[in-house]
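Asker: Sequence:
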Amino acid sequence: MSNFYERVYENVKKIPKGRVATYGTIAAMCGNPRASRSVGAALHRNPSPGVVPCHRVVFTNGTLAKNYAFGGSSAQKELLKSEGISFLRDGRVDIKKNVWLPWIS
DNA sequence: GGACTGACACTGG
DNA sequence: ACCAGTGCCAGTC
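Under my numbering, think of the first position of the first sequence as 11, with each following residue one higher.
A portion of the hints provided could be inaccurate.
As the list claims (entries may be wrong) - Derived pair list, reagent style BS3-like, types lysine-lysine, alpha-carbon separation capped at 25 Å: (1) K76 - K91; (2) K91 - K24; (3) K76 - K87; (4) K76 - K23.
These are computed hints drawn from the structure, not numbers from a lab. Here the structure is a predicted model, which means the values were calculated and not measured.
Generate coordinates for the entire structure from the input sequences, incorporating the hints supplied.
Answerer: Dropping the structure here:
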């Protein structure tokens with residue numbers, strides 16, 4: 011059951027389109043800002059395709075997960091670009107402009 | 001109940 | 001600005 015994981019999925023679902031959130035943020039929403047690791051594990055375990063936009067979850071530095079469960083960071087990057095997310099020349103997300111703050115939304 | 005693992009985050013060099 | 005090491009949490013074996 012893992013109530014914690016379900017909570018993570020719910021939080022990720024709340025991420026608005028065209029915006030990204032960091033693992034730390036999701037963990038904070040879940041109640042444990044330090045559980046960022048468990049958040050990533052949850053997404054990799056049960057991505058719930060079409061239900062949980064796991065592609066909107068990125069690192070605090072704007073980098074993408076190399077082991078993305080769907081098609082690698084490449085697919086994730088494309089998805090984000092489709093949502094209108096700005097990318098830097100380095101290939102990482104412009105976290106500075108696209109990061110979503112739940113308490114601000 | 002104990003130990004290992006993982007899509008992270010932070011600090012230091 | 002980049003790489004390496006350490007800490008945290010929850011889950012699974």
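Asker: Next step is simple, just say for each hint if it's right about the structure.
Answerer: Hints versus structure:
{"no.": "1", "hint": "K76 - K91", "verdict": "holds, 17 Å"}
{"no.": "2", "hint": "K91 - K24", "verdict": "holds, 19 Å"}
{"no.": "3", "hint": "K76 - K87", "verdict": "holds, 11 Å"}
{"no.": "4", "hint": "K76 - K23", "verdict": "holds, 21 Å"}
Every hint from the earlier list agrees with this structure, and none is contradicted.
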